[in-house]
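Peer 1: Protein sequence lines correspond, in order, to chains E and A. When you number the first sequence by the UniProt record's numbering, it's gap-free, plus one each residue, and the end is 115. When you number the second sequence by the UniProt record's numbering, it's gap-free, plus one each residue, and the end is 115.
One or more of the hints may lead you astray.
Chain copies aren't distinguished; within one or between two, either way the pair holds.
With a straight-line Cα cutoff of 30 Å, these simulated BS3-like cross-link-like pairs (lysine-lysine) come out [said to hold, decoys possible]:
| # | residue 1 | residue 2 |
| --- | --- | --- |
| 1 | K65 | K31 |
| 2 | K97 | K65 |
| 3 | K31 | K79 |
| 4 | K65 | K79 |
| 5 | K79 | K8 |
| 6 | K8 | K97 |
| 7 | K8 | K65 |
| 8 | K97 | K79 |
| 9 | K74 | K31 |
| 10 | K79 | K29 |
| 11 | K29 | K74 |
| 12 | K97 | K31 |
| 13 | K97 | K29 |
| 14 | K29 | K65 |
No wet-lab data here; the hints were simulated from the structure. The model shown is predicted, which means the values in this text are computed figures rather than measured ones.
2 protein chains.
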Amino acid sequence: MQDLNLPKDQNIYETECPILRAMQILGQKWKLPILWYIADAPMQTIRYNELQRKVIGITATMLTKCLRELEADKLIIRKHTPTIPPTVEYSLHENGKTLIPALNALYQWAVTLKP
Amino acid sequence: MQDLNLPKDQNIYETECPILRAMQILGQKWKLPILWYIADAPMQTIRYNELQRKVIGITATMLTKCLRELEADKLIIRKHTPTIPPTVEYSLHENGKTLIPALNALYQWAVTLKP
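Only chain E is shown next, with the shape it has when bound in the complex (with noise of 0.2 Å):
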């Protein structure tokens, strides 16, 4: 099993641990399923409003606080065509593309959670 190296007399928050860090990027209720549904558009690309019509449940307000955070996070690609209107897609940045195979463990783990 991988060598946790898990902090010995420190509080874990306290130091710089990976799979916390990875929590708090992926904590938020909303960023997985938008991450999810990025993942399974046509070329790992959407645009906003298709977003928006996917993530059902979501406010307007926090699809776009999320993306932003997404973003910051390295997790998503944000861009602006000046089209008229303009055009705005997200996909994946290779942060993102990695976290994938990730998240596909933890889905399969949860598949088989036995009751």
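Once you've looked at the hints, dock chain A against the given chain E.
Peer 2: Chain A alone, transformed into the frame defined by chain E:
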């Protein structure tokens, strides 16, 4: 990539989405550190007091609550031995063991996160 069979016209939170279930189970800030320290212990088994010493920063109330939830979600097993004083040990349930590879994948992803 995993066939994501994402819900087409439903709020993903009104479906039985496995990965959202996983995030609900693991989302509370102390759950992962607790699982990590149990997985890291000899024979993946640890006593309550030792766990409390290791998970620095957690209160006894929170530790007890998290352990009860992790037990209810069948990620860990609680064993009570009527010694004097009584001994309470926690170990990984099968579901907890099969989670570790997915957590390792998430750990590896987070380590390679490009700034």
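Peer 1: Confirm or reject each hint.
Peer 2: Evaluation of the provided hints:
1. Proximity of K65 to K31 under the C-alpha cut-off of 30 Å is found in both arrangements, the shortest distances being 10 Å within a copy and 26 Å between copies.
2. In this assembly of identical chains, the alpha carbons of K97 and K65 lie at most 30 Å apart only when taken from the same copy (21 Å versus 35 Å across copies).
3. Taking identical chains as interchangeable, the C-alpha atoms of K31 and K79 lie at most 30 Å apart only when both belong to the same chain, with a minimum of 19 Å there against 37 Å between chains.
4. In this assembly of identical chains, K65 and K79 lie within 30 Å of each other by CA distance solely inside one copy; the values are 16 Å within and 44 Å between copies.
5. Taking the closest pair of Cα atoms, K79 and K8 come within 30 Å of each other only across two copies (25 Å); inside a single copy the shortest separation is 44 Å, beyond that limit.
6. For the identical chains of this complex, K8 and K97 are inter-copy neighbours only, at 22 Å across copies versus 33 Å inside a copy, given an alpha-carbon limit of 30 Å.
7. With identical chains, the CA atoms of K8 and K65 are at most 30 Å apart between copies only, with a shortest distance of 23 Å across copies and 36 Å within one.
8. When the C-alpha separation of K97 and K79 is checked against a cutoff of 30 Å, the pair qualifies only within one copy, where the shortest distance is 17 Å, while the shortest distance between copies is 41 Å.
9. Taking the shortest alpha-carbon separations for K74 and K31, both the intra-copy value of 13 Å and the inter-copy value of 26 Å come in at or below 30 Å.
10. In this homomeric assembly, K79 and K29 come within 30 Å of each other (Cα to Cα) only inside a single copy, at 24 Å, whereas the closest approach across copies is 33 Å.
11. Proximity of K29 to K74 under the C-alpha cut-off of 30 Å is found in both arrangements, the shortest distances being 18 Å within a copy and 22 Å between copies.
12. In the homo-oligomer, the alpha carbons of K97 and K31 lie at most 30 Å apart both inside one protomer (14 Å) and across protomers (26 Å), since each shortest distance falls under that limit.
13. Both within a single protomer and between protomers do K97 and K29 lie at most 30 Å apart by alpha-carbon distance, with minima of 20 Å and 25 Å respectively.
14. In the homo-oligomer, the alpha carbons of K29 and K65 lie at most 30 Å apart both inside one protomer (12 Å) and across protomers (22 Å), since each shortest distance falls under that limit.
Violated hints are absent here; each numbered hint is respected by the structure.
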